[in-house]
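Engineer: For reference, the chains in residue letters:
Protein chains: 2
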Amino acid sequence: MLSEVSMTEAYKPWNYPERVVLAVSTDGEHHDIITLGWKMMTSHSPPIVAISVGKTRYSHKLISRGGEFVLAVPGEDLWRAVLICGTTSGRHIDKFKETGLTPRPAKIVKPPLIEECIANIECKVTGRLHTGDHTIFAGEAVCCWLSDNRRRNLLLIGRERGYLSLGKGGGFHYGVIKKR
Amino acid sequence: MLSEVSMTEAYKPWNYPERVVLAVSTDGEHHDIITLGWKMMTSHSPPIVAISVGKTRYSHKLISRGGEFVLAVPGEDLWRAVLICGTTSGRHIDKFKETGLTPRPAKIVKPPLIEECIANIECKVTGRLHTGDHTIFAGEAVCCWLSDNRRRNLLLIGRERGYLSLGKGGGFHYGVIKKR
Chain A
1 MLSEVSMTEA YKPWNYPERV VLAVSTDGEH HDIITLGWKM MTSHSPPIVA ISVGKTRYSH
61 KLISRGGEFV LAVPGEDLWR AVLICGTTSG RHIDKFKETG LTPRPAKIVK PPLIEECIAN
121 IECKVTGRLH TGDHTIFAGE AVCCWLSDNR RRNLLLIGRE RGYLSLGKGG GFHYGVIKKR
Chain B
1 MLSEVSMTEA YKPWNYPERV VLAVSTDGEH HDIITLGWKM MTSHSPPIVA ISVGKTRYSH
61 KLISRGGEFV LAVPGEDLWR AVLICGTTSG RHIDKFKETG LTPRPAKIVK PPLIEECIAN
121 IECKVTGRLH TGDHTIFAGE AVCCWLSDNR RRNLLLIGRE RGYLSLGKGG GFHYGVIKKR
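Protein chains in written order, with the working numbering: chain A, 1 to 180; chain B, 1 to 180.
Hints are computed from structural coordinates only; laboratory data are not their basis.
Take the hints with a grain of salt, since some may be wrong.
[Said to hold, decoys possible] Distance condition first, Cα-Cα at most 25 angstroms in a straight line; then the derived DMTMM-like pairs of lysine to aspartate or glutamate: (1) B:12 - A:27; (2) B:178 - B:116; (3) A:178 - B:133; (4) A:55 - B:116; (5) B:107 - B:133; (6) A:12 - B:9; (7) B:178 - A:76; (8) A:179 - B:116; (9) B:168 - A:94; (10) B:179 - A:18; (11) B:179 - A:148; (12) A:61 - A:94; (13) A:179 - B:77; (14) A:110 - B:98; (15) A:168 - B:18; (16) B:12 - A:77; (17) B:12 - A:94; (18) A:107 - A:18; (19) A:12 - B:115; (20) B:168 - B:29; (21) B:110 - A:9; (22) B:179 - B:94; (23) B:179 - A:77; (24) B:124 - A:94; (25) A:12 - B:18; (26) A:124 - B:98; (27) A:124 - B:160; (28) A:107 - B:4; (29) B:168 - B:98; (30) B:179 - A:29; (31) B:12 - A:133; (32) B:124 - A:76; (33) A:12 - B:98; (34) B:12 - A:76; (35) B:55 - B:98; (36) B:107 - B:29; (37) A:178 - B:140; (38) A:124 - B:29; (39) A:55 - A:4.
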């Protein structure tokens, strides 16, 4: 039977697991890293990804102005860094320094890659759409990088069994699929 | 070490698991159901979801014209229906009839809910953005429904262990998290 519920109630059962990504942006001098659960592919040809960034976020300002970002995909080993990037503001701290993540020059865009991530995708913003309290940035993938050190994708997990909990913070619950 | 790769190569390791959703649309007479992996939340207040729909799809036409869709979240029991909805066209078949899924009148929008799904979210399109071969439709959640029959979320799965394979078709591999 279906029952009418609030969006908050509807959200929890269906929104997990959600892979986590990091978006790196820069003003040329200072870099920022933001943790995002809200992202998707949005075109095969050309390859385009879309991310939703809160309008009040420092990364929103940097991506809006710079028109570029790097989408970096963290593995299970980076959950503490991901938690820091998702719960602090780049206005006040240097997130590379705070997390110990290593910036590495990208090939085409100005924001750096993150050395420790599973994959890095250099993106040039091709479109933006304002949606309530966020903006969708569509970014064409202009150069992609893969690490030779494969790890499990870091996930935001919900109530289903079968996931290994890594840690919690700021209302987020990080985990990975259990190996078997 | 990071190596430069194509988007196709970069895509596989980081794009799974991906929860699957169905989007229901209508021209008032005929309904269509499309399977989507590319979706995200994009605003808390108001609650807005975003979906990427291929420009050549019949659902693209119906959503563009009608300005409404229902986002329905299938559980593990519906993988065969999801496969049919993702690999056939509503131009030629009635997907409710073909899959055996049950349409149920929505409260606010014209497209119907899917009775068998875990959650149904009635959406009114508030914005659209063309991105390569897809269009992003942002849809405000105007009414939400939850089933009292909880099941595991249906996922597109990749190479990681820990998932139970349910079936494959059209290049897609459906599965769920293993219970333990």
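Engineer: Determine for every hint whether it applies to the structure shown.
Structural biologist: Verification of the supplied hints:
Simply put, residue 12 of chain B and residue 27 of chain A have alpha-carbon atoms about 31 angstroms apart, too far for the 25 angstroms limit, and the pair is violated. For the proposed pair residue 178 of chain B and residue 116 of chain B, the alpha carbon gap of about 22 angstroms is at most 25 angstroms, so the pair holds. Between residue 178 of chain A and residue 133 of chain B the CA atoms are separated by roughly 36 angstroms; this puts the pair beyond 25 angstroms, and the hint is violated. Between residue 55 of chain A and residue 116 of chain B the alpha-carbon distance is near 36 angstroms, which puts this suggested pair outside the 25 angstroms criterion.
About 32 angstroms separates the Cα atoms of residue 107 of chain B and residue 133 of chain B, which puts this hinted pair outside 25 angstroms; it is violated. Straight-line distance between C-alpha atoms of residue 12 of chain A and residue 9 of chain B comes to about 31 angstroms, which puts the hinted pair past the 25 angstroms bound. For the suggested pair residue 178 of chain B and residue 76 of chain A, the alpha carbons sit about 19 angstroms apart, so the restraint of at most 25 angstroms is met. At roughly 31 angstroms between alpha-carbon atoms, residue 179 of chain A and residue 116 of chain B are farther apart than 25 angstroms, so this suggested pair is violated.
Under the criterion of a C-alpha separation no larger than 25 angstroms, the hint pairing residue 168 of chain B with residue 94 of chain A is inconsistent with the structure, at around 45 angstroms. Straight-line distance between C-alpha atoms of residue 179 of chain B and residue 18 of chain A comes to about 18 angstroms, which keeps the hinted pair within the 25 angstroms bound. A hinted pair counts as satisfied when its Cα atoms are at most 25 angstroms apart, and residue 179 of chain B with residue 148 of chain A does not qualify at roughly 30 angstroms. About 16 angstroms separates the Cα atoms of residue 61 of chain A and residue 94 of chain A, which keeps this hinted pair within 25 angstroms; it holds.
For the proposed pair residue 179 of chain A and residue 77 of chain B, the alpha carbon gap of about 24 angstroms is at most 25 angstroms, so the pair holds. At roughly 50 angstroms between alpha-carbon atoms, residue 110 of chain A and residue 98 of chain B are farther apart than 25 angstroms, so this suggested pair is violated. Pair hint residue 168 of chain A plus residue 18 of chain B holds up; C-alpha atoms about 22 angstroms apart against a cutoff of 25 angstroms. Between residue 12 of chain B and residue 77 of chain A, the direct Cα distance comes to roughly 19 angstroms. Compliance with the 25 angstroms bound is thereby established for this hinted pair.
With a C-alpha separation of about 31 angstroms, the suggested pairing of residue 12 of chain B with residue 94 of chain A is violated against the 25 angstroms cut-off. Simply put, residue 107 of chain A and residue 18 of chain A have alpha-carbon atoms about 29 angstroms apart, too far for the 25 angstroms limit, and the pair is violated. Pair hint residue 12 of chain A plus residue 115 of chain B holds up; C-alpha atoms about 19 angstroms apart against a cutoff of 25 angstroms. As the CA atoms of residue 168 of chain B and residue 29 of chain B are separated by approximately 32 angstroms, the hinted pair breaks the 25 angstroms bound.
Straight-line distance between C-alpha atoms of residue 110 of chain B and residue 9 of chain A comes to about 23 angstroms, which keeps the hinted pair within the 25 angstroms bound. Under the criterion of a C-alpha separation no larger than 25 angstroms, the hint pairing residue 179 of chain B with residue 94 of chain B is inconsistent with the structure, at around 34 angstroms. Distance restraint check for residue 179 of chain B and residue 77 of chain A: the Cα-Cα separation of roughly 24 angstroms lies within the 25 angstroms cut-off, and the hinted pair is therefore satisfied. With a CA separation close to 40 angstroms, the supplied pair residue 124 of chain B and residue 94 of chain A exceeds the 25 angstroms bound.
Restraint check for residue 12 of chain A and residue 18 of chain B: the C-alpha separation of about 16 angstroms stays at or below 25 angstroms, so the hint holds. Restraint check: the Cα-Cα separation between residue 124 of chain A and residue 98 of chain B comes to about 41 angstroms, which exceeds 25 angstroms; the hinted pair is violated. Distance check on the hinted pair: residue 124 of chain A and residue 160 of chain B sit about 30 angstroms apart at the alpha-carbon level, beyond 25 angstroms; violated. A threshold of 25 angstroms between alpha carbons decides the hint, and for residue 107 of chain A with residue 4 of chain B the separation of about 9 angstroms falls inside it, so the pair holds.
A hinted pair counts as satisfied when its Cα atoms are at most 25 angstroms apart, and residue 168 of chain B with residue 98 of chain B qualifies at roughly 18 angstroms. At roughly 48 angstroms between alpha-carbon atoms, residue 179 of chain B and residue 29 of chain A are farther apart than 25 angstroms, so this suggested pair is violated. About 31 angstroms separates the Cα atoms of residue 12 of chain B and residue 133 of chain A, which puts this hinted pair outside 25 angstroms; it is violated. Our distance criterion of 25 angstroms between C-alpha atoms is broken by residue 124 of chain B and residue 76 of chain A, whose separation comes to about 37 angstroms.
As the CA atoms of residue 12 of chain A and residue 98 of chain B are separated by approximately 30 angstroms, the hinted pair breaks the 25 angstroms bound. A C-alpha spacing of about 17 angstroms is found between residue 12 of chain B and residue 76 of chain A, which places the hinted pair at or below 25 angstroms, so the restraint holds. Restraint check: the Cα-Cα separation between residue 55 of chain B and residue 98 of chain B comes to about 23 angstroms, which is no more than 25 angstroms; the hinted pair holds. Simply put, residue 107 of chain B and residue 29 of chain B have alpha-carbon atoms about 17 angstroms apart, close enough for the 25 angstroms limit, and the pair holds.
Simply put, residue 178 of chain A and residue 140 of chain B have alpha-carbon atoms about 35 angstroms apart, too far for the 25 angstroms limit, and the pair is violated. Our distance criterion of 25 angstroms between C-alpha atoms is broken by residue 124 of chain A and residue 29 of chain B, whose separation comes to about 41 angstroms. At most 25 angstroms may separate the alpha-carbon atoms for a hinted pair to count; residue 55 of chain A and residue 4 of chain A exceed this at roughly 30 angstroms.
In summary, the structure is inconsistent with hints 1, 3, 4, 5, 6, 8, 9, 11, 14, 17, 18, 20, 22, 24, 26, 27, 30, 31, 32, 33, 37, 38 and 39 from the numbered list given earlier, while agreeing with the others.
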